[in-house]
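Q: Sequence:
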Amino acid sequence: MPIDNIPESYIESTKLPELFVYDLKMNEDAIKTKVNLNMHMFSFLQKGKKQVHFAEDAFLVDNSQSILIKKGNCLWSELLDAEETYYCKLLFFSEEKLKEFFQKHGRSKEKDIQANSCYVIENDDYIESYLNSLNTIKNTKSELVESLLAIKFDELLVYLITKYGESFEDYLFSLISKETSPLKKTIEKNLYTSLTLDEIAFLCNMSLSTFKRHFIKEYKESPGKWFRNKRLDKAKELLEKGNKSPSDVYLDLGYNNLSNFSAAFKNQFGINPSEI
Numbered sequence: 217m218p219i220d221n222i223p224e225s226y227i228e229s230t231k232l233p234e235l236f237v238y239d240l241k242m243n244e245d246a247i248k249t250k251v252n253l254n255m256h257m258f259s260f261l262q263k264g265k266k267q268v269h270f271a272e273d274a275f276l277v278d279n280s281q282s283i284l285i286k287k288g289n290c291l292w293s294e295l296l297d298a299e300e301t302y303y304c305k306l307l308f309f310s311e312e313k314l315k316e317f318f319q320k321h322g323r324s325k326e327k328d329i330q331a332n333s334c335y336v337i338e339n340d341d342y343i344e345s346y347l348n349s350l351n352t353i354k355n356t357k358s359e360l361v362e363s364l365l366a367i368k369f370d371e372l373l374v375y376l377i378t379k380y381g382e383s384f385e386d387y388l389f390s391l392i393s394k395e396t397s398p399l400k401k402t403i404e405k406n407l408y409t410s411l412t413l414d415e416i417a418f419l420c421n422m423s424l425s426t427f428k429r430h431f432i433k434e435y436k437e438s439p440g441k442w443f444r445n446k447r448l449d450k451a452k453e454l455l456e457k458g459n460k461s462p463s464d465v466y467l468d469l470g471y472n473n474l475s476n477f478s479a480a481f482k483n484q485f486g487i488n489p490s491e492i
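Numbering (the working numbering), first residue to last: 217 to 492.
Keep in mind that the hints were calculated from the coordinates and are not lab data. There's no promise every hint is true.
As the list claims (entries may be wrong) - Derived BS3-like pairs: lysine-lysine, alpha-carbon spacing no greater than 30 Å straight-line:
| # | residue 1 | residue 2 |
| --- | --- | --- |
| 1 | LYS315 | LYS460 |
| 2 | LYS354 | LYS400 |
| 3 | LYS305 | LYS354 |
| 4 | LYS263 | LYS354 |
| 5 | LYS405 | LYS436 |
| 6 | LYS441 | LYS400 |
| 7 | LYS231 | LYS379 |
| 8 | LYS263 | LYS457 |
| 9 | LYS241 | LYS231 |
| 10 | LYS379 | LYS354 |
| 11 | LYS457 | LYS446 |
| 12 | LYS482 | LYS405 |
| 13 | LYS248 | LYS320 |
| 14 | LYS263 | LYS357 |
| 15 | LYS320 | LYS400 |
| 16 | LYS250 | LYS354 |
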């Protein structure tokens, strides 16, 4: 079963936004989808049920509940209800936005917080009103949409901290990772560039052999294979949306020419990118 990279599979850009809203609607069950969640995510369930499996626990929520899931790997099932429809509104946010929220409101924790992989939220009148306001913002044609969404994000966190108190605030703090290593920062910044491994190693102040050793320790995979898989998976996602051609995407994904990209794609997936 292929891995679904989220929210990348919902957007066309190779750069993740700081905040992102997406309406997920389905008319058939999706069972135990392998998900690589790359941003923290609120899932506001409106119709159907959602079951999420983590390494140590599992949660099932219905449309009377919503769930906040921290980024990472999980299995989730999206199940239709009696109306034979599934619908949830997803709100993705970056750690940077969460840090900005805590700085703005003068909140801090002196100790590390350990928490579950998700936090279940009981839907109420506020949540219903909040989702309606997100719909209004989403349909607004204005350069200020991002600013409005940032305000609504802060509003939601303030409300949920008020409602659930320290338990929710502690959970939010648990979503902030310890300082990312310089190696990891450099790799993530250059995932879709055309830099060679030797050039990336140089930017990390390492020899190529040292870089490869540290990379395998961090990612449990060789750098060549990891970069190739990430880039080609993203290419496949973009092409499957149907509004881009191979010539539109290969440069944005670190390939210097179309023929090399096409050969790598066919070797990975067994078909030419132009056949999607």
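Q: None of the hints should be skipped; say for each whether it holds.
A: Verification of the hints:
no. : hint             : verdict
1   : LYS315 to LYS460 : 35 Å, violated
2   : LYS354 to LYS400 : 33 Å, violated
3   : LYS305 to LYS354 : 12 Å, holds
4   : LYS263 to LYS354 : 20 Å, holds
5   : LYS405 to LYS436 : 19 Å, holds
6   : LYS441 to LYS400 : 16 Å, holds
7   : LYS231 to LYS379 : 34 Å, violated
8   : LYS263 to LYS457 : 25 Å, holds
9   : LYS241 to LYS231 : 24 Å, holds
10  : LYS379 to LYS354 : 26 Å, holds
11  : LYS457 to LYS446 : 17 Å, holds
12  : LYS482 to LYS405 : 26 Å, holds
13  : LYS248 to LYS320 : 38 Å, violated
14  : LYS263 to LYS357 : 27 Å, holds
15  : LYS320 to LYS400 : 27 Å, holds
16  : LYS250 to LYS354 : 28 Å, holds
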